[in-house]
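Heads up: the protein sequence lines correspond to chains B and X, in order.
The letter at position 476 of the first sequence is residue 476 when you use the numbering used here, and the numbering goes up by one with no holes.
The letter at position 41 of the second sequence is residue 676 when you use the numbering used here, and the numbering goes up by one with no holes.
It is possible that part of the hints are untrue.
Stated by the list, open to error - Distance condition first, Cα-Cα at most 30 angstroms in a straight line; then the derived DSS-like pairs of lysine-lysine:
#1 B:365 / X:769
#2 X:761 / B:365
#3 B:421 / X:761
#4 B:365 / B:288
#5 B:603 / X:849
#6 X:769 / X:707
#7 B:531 / B:421
#8 X:761 / B:531
#9 X:849 / B:531
What the hints assert, rightly or not - Per the computed footprint, the stretches of chain B lying under chain X, defined by three or more beta-carbons under 8 angstroms from a beta-carbon of chain X, are:
#10 133 to 140
#11 205 to 217
#12 249 to 257
#13 550 to 559
#14 587 to 593
These are calculated hints, taken from the structure and not from any lab test.
Computed from a predicted model, the values in this text were never measured in an experiment.
In this text, a Cβ means the ideal position worked out from N, Cα and C, and glycines have one as well.
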Amino acid sequence: MKETTKNQVLLMGNEALARGILEGGASFVAGYPGNPSSEIIATLLQTAADLPVHVEWSTNEMVAAEAAAGASFAGLRAAAVMKENGVNVCADFLATLAVTGVRGGYVVVVCDDPGPLTSSNEGDARLLAQALEIPIMEASTPQEAKDMTRWAFQVSEERSTPVMVRSVSRLSHGRAGVELGVIPEPSRSAEFDTEHPLLCLPSVAAISHPLAHDRLRAVQKDFEDSIFNDYEGSDAPELLVISSGLSVLYAREAVSTLGMGDRVGIAKIGTVWPLPEGRLGDVLRRSKRILVVEQIEPFLEEKVRARHSDLAGELGDRDIYGRRSGHIPETGDISANTVADALAAIMGGGRRLNATFAEAASEIKEDLPLRDISFCRGCPHRASFWAIRTALELDGRNGFVAGDIGCYGLAAGPTGYQQIKVVHCMGSGIGNASGFGVLRDMGMEQPVVAVAGDSTFFASCLPGLINARNNGADVVFVVLDNSVTAMTGFQSHPGSSFGPRGEPQEPLRPETVCRALGVETSVYDPVADVKRVSEAVYDRLQRPGVQALVLRRTCSTYEDRMRMGSSAVAQVDQEICVGETCGCDRFCTRVVGCPGNRWDAEKGKAYIDPDFCNGCGLCVELCSWDAISLTEGGE
Amino acid sequence: MGGSTVSETQGEAGLERPFNLIIAGVGGQGNVLAIRLLGSALLAQGYEVAVGEVYGLAQRGGSVASHLRFWKGAPRPPKVPEGQLDILLGFEPLEALRLLTQYGNPGTAVLVNADPVLPIGALLGKFDYPDVSKLLERMRGLAQPVVTVDAGSVSRELGVPQAMNTVMVGALAGSELLPISAADLEAQIDLLMNERVRNVNHEAFAAGVRAAVKAAD
Numbered sequence: 001m002k003e004t005t006k007n008q009v010l011l012m013g014n015e016a017l018a019r020g021i022l023e024g025g026a027s028f029v030a031g032y033p034g035n036p037s038s039e040i041i042a043t044l045l046q047t048a049a050d051l052p053v054h055v056e057w058s059t060n061e062m063v064a065a066e067a068a069a070g071a072s073f074a075g076l077r078a079a080a081v082m083k084e085n086g087v088n089v090c091a092d093f094l095a096t097l098a099v100t101g102v103r104g105g106y107v108v109v110v111c112d113d114p115g116p117l118t119s120s121n122e123g124d125a126r127l128l129a130q131a132l133e134i135p136i137m138e139a140s141t142p143q144e145a146k147d148m149t150r151w152a153f154q155v156s157e158e159r160s161t162p163v164m165v166r167s168v169s170r171l172s173h174g175r176a177g178v179e180l181g182v183i184p185e186p187s188r189s190a191e192f193d194t195e196h197p198l199l200c201l202p203s204v205a206a207i208s209h210p211l212a213h214d215r216l217r218a219v220q221k222d223f224e225d226s227i228f229n230d231y232e233g234s235d236a237p238e239l240l241v242i243s244s245g246l247s248v249l250y251a252r253e254a255v256s257t258l259g260m261g262d263r264v265g266i267a268k269i270g271t272v273w274p275l276p277e278g279r280l281g282d283v284l285r286r287s288k289r290i291l292v293v294e295q296i297e298p299f300l301e302e303k304v305r306a307r308h309s310d311l312a313g314e315l316g317d318r319d320i321y322g323r324r325s326g327h328i329p330e331t332g333d334i335s336a337n338t339v340a341d342a343l344a345a346i347m348g349g350g351r352r353l354n355a356t357f358a359e360a361a362s363e364i365k366e367d368l369p370l371r372d373i374s375f376c377r378g379c380p381h382r383a384s385f386w387a388i389r390t391a392l393e394l395d396g397r398n399g400f401v402a403g404d405i406g407c408y409g410l411a412a413g414p415t416g417y418q419q420i421k422v423v424h425c426m427g428s429g430i431g432n433a434s435g436f437g438v439l440r441d442m443g444m445e446q447p448v449v450a451v452a453g454d455s456t457f458f459a460s461c462l463p464g465l466i467n468a469r470n471n472g473a474d475v476v477f478v479v480l481d482n483s484v485t486a487m488t489g490f491q492s493h494p495g496s497s498f499g500p501r502g503e504p505q506e507p508l509r510p511e512t513v514c515r516a517l518g519v520e521t522s523v524y525d526p527v528a529d530v531k532r533v534s535e536a537v538y539d540r541l542q543r544p545g546v547q548a549l550v551l552r553r554t555c556s557t558y559e560d561r562m563r564m565g566s567s568a569v570a571q572v573d574q575e576i577c578v579g580e581t582c583g584c585d586r587f588c589t590r591v592v593g594c595p596g597n598r599w600d601a602e603k604g605k606a607y608i609d610p611d612f613c614n615g616c617g618l619c620v621e622l623c624s625w626d627a628i629s630l631t632e633g634g635e
Numbered sequence: 636m637g638g639s640t641v642s643e644t645q646g647e648a649g650l651e652r653p654f655n656l657i658i659a660g661v662g663g664q665g666n667v668l669a670i671r672l673l674g675s676a677l678l679a680q681g682y683e684v685a686v687g688e689v690y691g692l693a694q695r696g697g698s699v700a701s702h703l704r705f706w707k708g709a710p711r712p713p714k715v716p717e718g719q720l721d722i723l724l725g726f727e728p729l730e731a732l733r734l735l736t737q738y739g740n741p742g743t744a745v746l747v748n749a750d751p752v753l754p755i756g757a758l759l760g761k762f763d764y765p766d767v768s769k770l771l772e773r774m775r776g777l778a779q780p781v782v783t784v785d786a787g788s789v790s791r792e793l794g795v796p797q798a799m800n801t802v803m804v805g806a807l808a809g810s811e812l813l814p815i816s817a818a819d820l821e822a823q824i825d826l827l828m829n830e831r832v833r834n835v836n837h838e839a840f841a842a843g844v845r846a847a848v849k850a851a852d
């Protein structure tokens with residue numbers, strides 16, 4: 001955050017949200033890594049290091065939401081930070097928090113991923129917020145993300161209700177100029193008022209629920225006058241666009257590109273729910289034709305239809321366009337061009353396209369080879385999935401892997417030999433496997449392997465693992481322990497040997513937990529022990545009940561970053577390599593799938609590109625002629 | 636070099652239509668730092684700026700693109716609309732062509748590092764990486780001008796292959812397509828980079844400027 005200019009700083013949306021949390025006076029911030037939200041906590045760990053603010057990576061989003069609420073109950077301002085899927089995880093807690101209400105201002109910052117660009121699905125936090133009865137607002141720019149977050153603490157505290165702030169990927173990961181405000185001096189000490197307990201019990205909740213609705217009405221009133229709602233355009237435009245968040249900018253761009261500024265007005269709604277109905281009614285009076293532009297689900301669109309229905313007697317007919325009319329695609333991310341096409345379809349005219357360019361470009365594009373993503377050089381997952389594949393093939397019962405989300409999800413593709421066949425959410429692999437594993441009396445003859453990363457293990461696997469053991473499921477559970485939360489940017493977790501700010505930490509080992517749960521557990525290095533891992537997986541597949549393996553080796557990309565890997569690289573002795581006559585079908589260069597293993601077509605032998613080798617030694621272990629060895633410093 | 640500059644396309648009066656730039660490359664080539672250098676320099680000169688930092692999966696060898704837009708007026712989204720690209724800064728030729736087909740138009744000015752980064756499929760022998768001269772020819776068939784910069788070799792000669800990104804930013808400065816000066820950009824190297832790499836990035840930047848001037852001759 002140091003590129004200072006005039007009064008502005010070029011901040012990423014997530015950095016602006018982090019700044020808003022500080023300017024809002026938060027003393028406690030908790031979150032779990034997940035794109036596109038990860039940089040918020042990461043930024044706070046750096047920028048708030050010298051401030052009296054507790055910042056933590058929690059075990060999962062549920063714990064983050066509950067821990068932050070603990071601080072709020074003690075009278076402090078607190079925030080929980082997560083991606084949209086995280087709200088699913090902590091929905092149970094948030095639903096009851098909305099009923100009891102909060103003490104210190106309590107804000108959930110949630111980042112949705114329209115598209116999705118990097119997530120397992122494209123959930124819409126606004127729908128969740130309404131279901132949980134928590135007010136939600138949505139920012140359009142990094143500046144607004146900061147200012148809105150600061151205001152959210154105030155609304156939350158004044159109305160005693162949790163408040164959510166929604167961002168989307170392209171806002172969270174976009175940068176723009178932001179004017180910074182003041183971070184308030186800490187003035188509160190933490191104390192829980194035991195005279196006024198916060199209880200969600202049946203008898204109490206029946207009384208509390210209507211009070212929660214009163215709070216929502218109060219927030220709705222605050223929202224009527226919010227500066228985050230705005231209108232630009234003529235008093236009575238031919239078409240009115242109603243929009244929120246980043247979509248407002250897409251709408252503005254589309255109107256400008258088509259030169260429709262004098263014909264189309266844009267009503268921006270930052271305070272999304274509970275929607276300020278008076279304000280919405282005023283907006284609806286402006287035009288007979290309305291286009292709703294928003295990201296993911298037709299949330300505002302339904303509200304606009306409902307409000308129009310309330311006012312139908314006064315307003316008469318309105319043509320309402322959006323997703324339900326087919327003017328905006330029903331799913332996926334949108335852009336300025338999406339809006340421009342919708343405007344053109346309604347108003348006539350259109351974008352000026354260069355047809356010659358478009359035709360030539362699309363022909364060329366079809367023809368370009370794709371750049372598939374794969375496990376990184378030296379990635380331990382490559383070895384782990386090689387071992388699992390070998391064991392399942394040897395077992396011969398058409399066994400398969402149930403996995404979940406993380407780098408290892410790539411094992412559904414060629415880089416992990418298409419081993420993973422089931423992927424849903426954090427921890428779902430072991431949960432699914434506890435179902436698969438008890439189907440033997442119903443005809444299931446296939447064995448199942450469940451995999452989970454180390455961070456996922458602590459976040460979401462324990463109930464599933466206990467369930468599998470308790471119900472006698474036959475499962476081989478493999479923890480792929482690379483000692484960091486690699487997928488989201490190398491954050492620490494309970495099993496890491498470093499803490500959130502890089503300080504040393506005593507790791508809690510997955511095998512300690514598994515064994516304490518009564519699950520027999522062995523630990524291997526997936527690369528150095530690759531053959532023994534195959535044997536171990538095969539062996540465990542033949543046994544009843546839950547068997548765990550922890551495959552531990554540090555993420556190679558994390559090692560590269562920390563400059564802590566070895567300086568060794570592999571080298572093929574082409575005198576020993578027997579090339580095509582090996583019978584291995586160019587095993588090392590074609591089958592294993594490491595970017596460093598290459599085929600020397602001229603000599604008909606394998607070789608290693610030292611630029612793509614981190615000296616992990618997997619190919620050394622796997623070459624059946626012992627033609628590959630490790631040498632220090634790539635001699 | 637030729638190509639449209641800000642003042643030609645939009646008039647001196649203003650910059651109501653944002654000027655659009657994309658850096659096309661592969662994870663690990665330093666897109667983020669390059670786009671932040673450009674964004675910070677433009678912000679410092681009083682433009683409104685929006686940056687889409689990385690679109691793609693950077694860490695696992697995939698295609699990545701960074702978007703930069705600048706203008707005068709009300710906020711704009713960070714994503715460049717397809718078909719409206721003014722400058723394509725290609726860190727890798729295959730990715731440059733891919734992004735040009737998606738976002739470009741006949742007036743898009745292309746500066747491209749001609750050094751390929753092989754996709755995993757090519758490394759594993761599943762397909763051959765296209766001939767670079769063929770890729771450049773196809774770019775020239777779509778848009779003009781297309782200028783190649785030997786940023787890969789320049790940075791290797793300097794002994795810092797990872798400063799390829801700064802060479803390319805220098806080349807962009809030398810091409811005079813932006814309304815800010817090379818000095819405006821160089822100032823950001825001091826602000827954004829730590830001391831350890833500052834000097835070598837100044838050298839890389841200067842080498843990039845020279846490469847662009849040479850290419851224009």
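Structure-based check of each hint:
1. B:365 / X:769: holds (14 angstroms)
2. X:761 / B:365: Roughly 19 angstroms between the alpha carbons, so the hint for residue 761 of chain X and residue 365 of chain B holds.
3. B:421 / X:761: holds (24 angstroms)
4. B:365 / B:288: Roughly 42 angstroms between the alpha carbons, so the hint for residue 365 of chain B and residue 288 of chain B is violated.
5. B:603 / X:849: Given that 30 angstroms is the threshold and the Cα spacing comes to 40 angstroms, the pair is violated.
6. X:769 / X:707: violated (39 angstroms)
7. B:531 / B:421: holds (23 angstroms)
8. X:761 / B:531: holds (27 angstroms)
9. X:849 / B:531: violated (56 angstroms)
10. 133 to 140: That given contact is violated, which follows from only 1 residues of the segment 133 to 140 of chain B lying within Cβ reach (below 8 angstroms) of chain X.
11. 205 to 217: violated (count 0)
12. 249 to 257: holds (count 6)
13. 550 to 559: This one is violated; 1 residues, fewer than the three required, reach chain X with a Cβ under 8 angstroms.
14. 587 to 593: holds (count 3)
In summary, the numbered hints that this structure violates are 4, 5, 6, 9, 10, 11 and 13.
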